[in-house]
Amino acid sequence: MESITKNRQSLDTLRAMIDRAYGLDQVPEDGDRVHELGHGWFNVAYRIRLRDGTGVVLKIAPPPHIEVMTYERGAMEIELASLRLIAERTGVPVPHVDYADRSHELCDADWFFMPYIDADNFGIVKDSLSAADRDSYNEALGAANRELNSIRGAAFGPITGPGDPTWRGCFTRMIGDVLADGQRRSVDIGYDYDLIRDLIAGNQDCLDEVTEPRFVEWDLWDSNVMIRDGKIVAIIDHERAFYGDPLMEAGFTAVDLPAFGDPAAFLRGYGHAGLTAGDRQRRRLYTLYLVLIMIIETVYRGHTDTVQYDWARERLHEVMALFGRESR
1304 MESITKNRQS
1314 LDTLRAMIDR
1324 AYGLDQVPED
1334 GDRVHELGHG
1344 WFNVAYRIRL
1354 RDGTGVVLKI
1364 APPPHIEVMT
1374 YERGAMEIEL
1384 ASLRLIAERT
1394 GVPVPHVDYA
1404 DRSHELCDAD
1414 WFFMPYIDAD
1424 NFGIVKDSLS
1434 AADRDSYNEA
1444 LGAANRELNS
1454 IRGAAFGPIT
1464 GPGDPTWRGC
1474 FTRMIGDVLA
1484 DGQRRSVDIG
1494 YDYDLIRDLI
1504 AGNQDCLDEV
1514 TEPRFVEWDL
1524 WDSNVMIRDG
1534 KIVAIIDHER
1544 AFYGDPLMEA
1554 GFTAVDLPAF
1564 GDPAAFLRGY
1574 GHAGLTAGDR
1584 QRRRLYTLYL
1594 VLIMIIETVY
1604 RGHTDTVQYD
1614 WARERLHEVM
1624 ALFGRESR
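Going by this note's numbering, the first residue of the sequence shown is number 1304, and it counts up by one from there.
Source of the hints: derived by calculation from the structure; they are not laboratory data. The beta carbon of each residue, even a glycine, is placed where N, CA and C say it ideally should be. Where hints are given, some of them may not hold.
Claimed, not checked - Quick list of simulated restraints, FRET-style, between CB atoms:
id, residue 1, residue 2, range
1, 1356, 1458, 41 to 47 Å
2, 1401, 1534, 21 to 27 Å
3, 1628, 1392, 38 to 44 Å
4, 1531, 1621, 33 to 39 Å
5, 1396, 1342, 17 to 23 Å
6, 1613, 1418, 35 to 41 Å
7, 1614, 1326, 42 to 48 Å
8, 1401, 1493, 43 to 49 Å
Go ahead and model the full structure; you've got the sequences and the hints to work with.
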């Protein structure tokens, strides 16, 4: 995917990074061993074959002069912290970090290396799978997601802190930041921004039902799941994790909007018993948050077409209808 946040580097710089991480004797002699992975939306990622044949992946954070959305600031630091947490406290498979560099000596942003995962991307191959196989993987994803949510935090908010003592305070700040991001870049979301703020204010009491901060992956879509031989072998891309309400996870989104797929297999795997009235109200707020981001980020990413923008605008109409609101 194309985005102005992708911080591409010259082959000479990439070789210097490989040297620092693995040593000069592992720097490949030719550029044919370096290939950009194209399906990411935010960071640039390169697949690299070292001189001894080992496959690795290099991820580089966006350049500092590119404005990102508020919640995306410091995203690579969050990913590195999340990878450590998941590896230490769960059995969910995640890539090992071979080397991380935040010095900005070789390039203008954070970067890290991890092993290349020799597996299929579930999001890319799912349409070629049988319905039974898709369900099996989605059930496994639900179970893995529940295990991730078992990690407890000291406060609500970013993995790296600072935290908030209440989920209401944390989430209203999060969605408020998204709205401020949209207004700062004059993004037309199809509704008056103050109407959205009034809607949130009138529906936030349900947030007080959440009293324990849990690890929330949030960006755990099927395109961040690597599969092989009937099993999930790795979960990738953890830069949007935070401590909050597990009901905010991506797998629950289709409970609100059918356009996000059928959640049945995920819910079975997760073992969710069913949503209360308060759960459903919170879930609508979380879908509102997601769809607002999907609209507003198209401007921050510099999209050259309106495919995602148009699709997300339609989803916002559907979310607003759940709240009993009409478009302007």
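Hint check:
1. 1356 to 1458: 41 to 47 Å: Holds - the Cβ-Cβ distance for residue 1356 and residue 1458, about 45 Å, lies within 41 to 47 Å.
2. 1401 to 1534: 21 to 27 Å: holds, 23 Å
3. 1628 to 1392: 38 to 44 Å: holds, 40 Å
4. 1531 to 1621: 33 to 39 Å: holds, 35 Å
5. 1396 to 1342: 17 to 23 Å: The hinted range 17 to 23 Å holds for residue 1396 and residue 1342, with Cβ atoms some 20 Å apart.
6. 1613 to 1418: 35 to 41 Å: holds, 38 Å
7. 1614 to 1326: 42 to 48 Å: holds, 46 Å
8. 1401 to 1493: 43 to 49 Å: The hinted range 43 to 49 Å holds for residue 1401 and residue 1493, with Cβ atoms some 44 Å apart.
Going down the numbered hints, you'll see the structure goes against none, and every one checks out.
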